[in-house]
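Chains A and B, in that order, give the protein sequences. Read in numbering that gives the first Met the number 0, the first sequence has 147 at position 148, and its numbers run on one by one without any break. Read in numbering that gives the first Met the number 0, the second sequence has 87 at position 88, and its numbers run on one by one without any break.
Honestly, I wouldn't trust all of these hints.
All copies of an identical chain are treated as equivalent in the list; a pair is satisfied when it fits inside any one copy or across any two copies.
[What the hints assert, rightly or not] Okay, derived cross-link-like pairs now, PhoX-like style, lysine-lysine, Cα gap no bigger than 20 Å in a straight line:
1. Lys75 - Lys450
2. Lys251 - Lys301
3. Lys425 - Lys19
4. Lys78 - Lys450
5. Lys237 - Lys271
6. Lys9 - Lys181
7. Lys251 - Lys215
8. Lys294 - Lys273
9. Lys385 - Lys78
10. Lys294 - Lys214
11. Lys240 - Lys271
12. Lys177 - Lys301
Honestly, the hints are just simulated from the structure, not real lab data.
Number of protein chains: 2
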Amino acid sequence: MMAQSSANDKCLNITTLDAKDIRWPTSLGAHGSDAMHTDPDYSCVYVTIHTAEGIRGYGMTFTLGRGTDIVLMAVKAMKRFVENRTTASIYQNFAKFWREITSESQLRWIGPEKGVTHLAVAAIVNALWDLWGKIRAVPVWRLLTEMEPEELVSTIDFRYITDAITPEEVIDILRKNKTLRKTKTEDLIENGYPAYTTQVGWLGYSDDLIRSLCKKYLRAGFTAFKIKVGQDLENDIKRCKLVREEIGWDNKLMVDANQIWDVNTAIEWMEKLKDFQLLWIEEPTSPDDVLGHKKIAEALKKYNIGVATGEMCCNRVLFKQFLQANALEFCQIDSARIGGVNEILSVYLMAKKFGVKVCPHAGGVGLCEMVQHLQMWDYTSVSCSKQERMVEFVDQQHEQFLHPAVINENACYAAPTAPGYSTELKPEAVSMFEYPGGSEWQRMFAEEIFKNE
Amino acid sequence: MMAQSSANDKCLNITTLDAKDIRWPTSLGAHGSDAMHTDPDYSCVYVTIHTAEGIRGYGMTFTLGRGTDIVLMAVKAMKRFVENRTTASIYQNFAKFWREITSESQLRWIGPEKGVTHLAVAAIVNALWDLWGKIRAVPVWRLLTEMEPEELVSTIDFRYITDAITPEEVIDILRKNKTLRKTKTEDLIENGYPAYTTQVGWLGYSDDLIRSLCKKYLRAGFTAFKIKVGQDLENDIKRCKLVREEIGWDNKLMVDANQIWDVNTAIEWMEKLKDFQLLWIEEPTSPDDVLGHKKIAEALKKYNIGVATGEMCCNRVLFKQFLQANALEFCQIDSARIGGVNEILSVYLMAKKFGVKVCPHAGGVGLCEMVQHLQMWDYTSVSCSKQERMVEFVDQQHEQFLHPAVINENACYAAPTAPGYSTELKPEAVSMFEYPGGSEWQRMFAEEIFKNE
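Make a model of the complete structure from these sequences and hints.
If you want it as structure tokens, here you go:
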């Protein structure tokens, strides 16, 4: 394995950044429904970075339908940071680029580093990583793995986190793990990385459907299952029981409340579910409530129920506090909510320092495709462990991608081999589902399946 | 003083919600410049709620120029919650309305309750309070003051804060203070509410300008002054010295770093300014960093420098934690960042419970106009004290308002008398500064003072 340096990279000339609003009508089947998001239409803002040399970078951020157009507008407001510059001018000081795009002096007021503007940053930055992988002709997980520690550090903006981790500490972590890279890489290529499924227990599903899905995913080799809770306690007890009946007690069961509870309600509710041997309670309350999660974590410790959160954690500053406060046991980064790969790297590294396991959120459009790369890098270079670590898997929209995430016969993510970040959609996915002009949307408007807003 | 109830309110029929992007070219004079926002164009999204009866509600959220169009789009995505319904259906369960608009099942993904979408909520909700004041023919500070505790509580969504404060505790606070309302109201009408000025020390200003502004504001009766710091330590020392020379040591001096530092840098930098007898350091680091502020507050305690933050604190959940962690001494709510009056009331009430002084942020377009109402309600009904409490005042854009904030001869905000929330712009302000079509913008584009993006 040869370490590369961006100074040796082929330098491309970025011409334009193009962005699209793409939506799938998933609300029609209650797929992805939970206590807070009752009717999601899985969607994304899809970014294409064009170069004069013809190589393209694709990136995205996941959304739930309405509001995708707002994030799209934010992407367009930021595209001037990318257009008409060389790739070298970005990758040779990627942290500086990241600071520029997140700290634009007028735009930052409507963030900063959170919500719409940060989702927009994620889509753009993810496209830049896809492009970088293509320049080096490797998948992003190998791009990260094969980087020298100093180069990897140069991509991270340490603003606001130096009280938790410094560049020197990161270089230390990466250097120490260097000897493991080769065997860990080979292991990934041979065996892949463990996945768990959320597919068995969306709130909108019937009992029969839940049972048959449990059977299906057991047959597929899954050993960890997650269901949604929080709308009705009796129903939650019934569904936990039902799933335990199907999957037994040797497999792992997790529950997800999607932020429905106040702090004390979370504790009381979970005490009623304590006998189901739950590995974690996910998003018990507001994603912003570090101290609330800390209180819940302390209360549930005696039941061996861990607290998990992170898919809607808005940036590295919040993650830092969750880790500093010992408020979570499982850190669920999302590949498209915080500001793209660069910021997520810092979260993995802080989690390593604080001894917390990263179990990424995935399942939305492109989230599985992207986050598998990051978690595989964690395995080769950061935690170097699969112990109680796994990546969420939801079997939706993968067929829309040119290089979809693949689950192998052991219910593991297969290591991606195509250069880039696995973010390119098939051309027909774009032409059918671009909103509102795509052919499928036009058909659904005409047939009055959906109303054009 | 007769308490009213929404059941007796005249019920209006809301027809449409109209929203506009309005910007002033303040970057031309370096007005409002600080360490992070070097070239702001003071702007707002301006909401007008029309009723069949002809009464209108006006509301706004403050922005810095670019990005105002993004917030505008978010307002438009939410206007269906307001259009074609009666005012009674909103005010009789205002907390429920607030929950609906902040928890829209697809839009909440791109927040939740933060950044662009929450600024949009603020603009809409603020317009509804202006309309409510007009229905009762009182300024909003009196609307709040004259409400029965139970009715006031019914406007607040307690989700995620019941571990810090309950509706019952709020009713208790308000009931206990009821006897003070009359004298406090009379005091406000006679004397107004203390203001402080930030006008003397924007980073872009020259020494001579700073000196002459100190003299001007001293003459105007001001006793508290705030300057920007954080770009250059030597320069900060020089400017603190310069201002102290002008204002002496009996007047209050505060400094504002606008989030420029990491946690440890903040502590080290402020140690160098410890001899200037500073009342507070404002926004020393990321607005999201509760634990970081706590560490800074503890380190600066021995110098009697308080920590202040809040203008970019994204919602009540963050404020709750700042208060629970004892991470600030001065709570600087902003009238247009978190979700409008309803959510801000909950922050005032939590601050009361935790014994923290509220000193609101103001100065942006409409912020002084709005926040004076809230702080006056705090005085009549919540803290009932002016002790070490004051409202920021910046003398910009007030002439654009029909009922501008007025500073009296004692450098106090005069109690507003016009019905509503003081949020209505003059018609010519809208026609001149609407972006990009307003007459002033068209002139500036033609004269190439600004480029039309």
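Going down the list of hints, with the structure as the test:
no. : hint            : in the structure
1   : Lys75 - Lys450  : between (26 Å within a copy, 17 Å between copies)
2   : Lys251 - Lys301 : within (18 Å within a copy, 51 Å between copies)
3   : Lys425 - Lys19  : within (14 Å within a copy, 38 Å between copies)
4   : Lys78 - Lys450  : between (31 Å within a copy, 17 Å between copies)
5   : Lys237 - Lys271 : within (12 Å within a copy, 62 Å between copies)
6   : Lys9 - Lys181   : neither (26 Å within a copy, 75 Å between copies)
7   : Lys251 - Lys215 : within (16 Å within a copy, 70 Å between copies)
8   : Lys294 - Lys273 : within (17 Å within a copy, 36 Å between copies)
9   : Lys385 - Lys78  : neither (38 Å within a copy, 48 Å between copies)
10  : Lys294 - Lys214 : neither (36 Å within a copy, 51 Å between copies)
11  : Lys240 - Lys271 : within (12 Å within a copy, 62 Å between copies)
12  : Lys177 - Lys301 : neither (37 Å within a copy, 45 Å between copies)
Of the numbered hints stated above, those contradicted by the structure are hints 6, 9, 10, 12, listed in ascending order.
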